[in-house]
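Q: Each residue of the sequence shown is one higher than the one before, counting from 22 in my numbering.
In short, the hints are calculated from the structure, not lab data.
Possibly wrong hints are sitting among the right ones.
What the hints assert, rightly or not - Computed spacing ranges between beta-carbons, pair by pair:
(1) 134 <-> 106: 22 to 32 Å
(2) 177 <-> 210: 32 to 42 Å
(3) 130 <-> 218: 26 to 36 Å
(4) 58 <-> 180: 28 to 38 Å
(5) 48 <-> 195: 18 to 28 Å
(6) 137 <-> 78: 18 to 28 Å
(7) 139 <-> 197: 19 to 29 Å
(8) 110 <-> 221: 37 to 47 Å
(9) 113 <-> 205: 37 to 47 Å
It should be emphasised that the depicted structure is a prediction, and the values quoted were computed from it without experimental measurement.
Every residue, glycine too, gets a C-beta built ideally from N, C-alpha and C.
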Amino acid sequence: MTQPSRADWINTTHDWAGSVDQTHLDAIRADPDRYAPGGLLHLVLEVLAYPDDEAESAGQRGQCSITTYGDGSIAISDNGRGTDTRLDEHGAVVRKPIMATQDLRFFGNPDAPTLPDGHPRCGMSVVAALSEWLVHTNRRANGSWTQRYEHGIPVSDLRPVDPDGTTGTTVHFRPARRDSLPGLAPYLDYPHIEITVREQ
22 MTQPSRADWI NTTHDWAGSV DQTHLDAIRA DPDRYAPGGL LHLVLEVLAY
72 PDDEAESAGQ RGQCSITTYG DGSIAISDNG RGTDTRLDEH GAVVRKPIMA
122 TQDLRFFGNP DAPTLPDGHP RCGMSVVAAL SEWLVHTNRR ANGSWTQRYE
172 HGIPVSDLRP VDPDGTTGTT VHFRPARRDS LPGLAPYLDY PHIEITVREQ
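Let the sequences and hints guide you as you build the complete structure.
A: Structure representation (structure tokens):
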């Protein structure tokens with residue numbers, strides 16, 4: 022069966038037609054205080070909003086962990102279905118371009134919902150653009166992959182990883198601006214996920 026062209030795929034949260042929007046990423050990096058007010062805390066909250074969405078759409082309470090590392094990086098993992106993937110017209114695996122393109126629901130939308138820090142949600146691309154590096158590991162029932170980004174730009178292809186019997190997403194990133202992370206407890210008000218915090 023012939024797969025439809027990426028340009029013909031239905032867009033809901035992101036535009037599947039392209040995997041990188043350089044102009045979009047440049048705009049974020051040019052004004053970090055606008056897109057990530059409060060710095061690192063806001064980036065963490067942007068990531069957490071996605072597994073919360075996932076758990077809500079699945080009609081169940083999800084599990085999510087935040088791990089802080091001595092090098093200033095943070096890994097956020099969840100037990101959802103993993104980021105959506107599709108096959109293009111050539112049979113190549115395409116993952117939903119959540120890292121390097123804008124979230125059509127929130128970015129630049131004056132009615133975007135606020136995150137628990139009181140600032141509007143902009144999307145995962147803000148996290149990628151404002152990170153020195155970010156590694157997105159995706160486990161789905163139909164396969165698992167990882168990909169590395171630097172300042173929002175993918176610097177590796179999708180690389181397969183061995184299945185471990187689980188599904189979910191891990192976003193491990195090191196912010197370009199080394200802000201301190203305040204105590205997270207007052208900001209973990211996500212109704213559909215249970216969040217644990219640990220230090221590695």
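Q: All hints, please: hold or fail.
A: Hints, one by one, checked against the model:
Judged by the Cβ atoms, the range 22 to 32 Å given for residue 134 and residue 106 holds: they are separated by roughly 26 Å. For the pair residue 177 and residue 210, the beta carbons lie near 35 Å from each other, so the given range of 32 to 42 Å is met. At about 29 Å, the beta-carbon gap between residue 130 and residue 218 stays in the expected band of 26 to 36 Å. Checked against the given bound of 28 to 38 Å, the beta carbons of residue 58 and residue 180, roughly 34 Å apart, stay inside it.
Roughly 21 Å separates the CB atoms of residue 48 and residue 195, a value that falls within the hinted 18 to 28 Å. Between residue 137 and residue 78 the beta carbon distance is about 20 Å. The supplied range of 18 to 28 Å therefore holds. Checked against the hint of 19 to 29 Å, the C-beta distance between residue 139 and residue 197 comes to roughly 23 Å, which is consistent with it. The beta-carbon spacing between residue 110 and residue 221, approximately 42 Å, falls within the hinted interval of 37 to 47 Å.
Under the hint 37 to 47 Å, the C-beta atoms of residue 113 and residue 205, about 38 Å apart, fit the expected range.
Taken one by one, the earlier hints all hold for this structure without exception.
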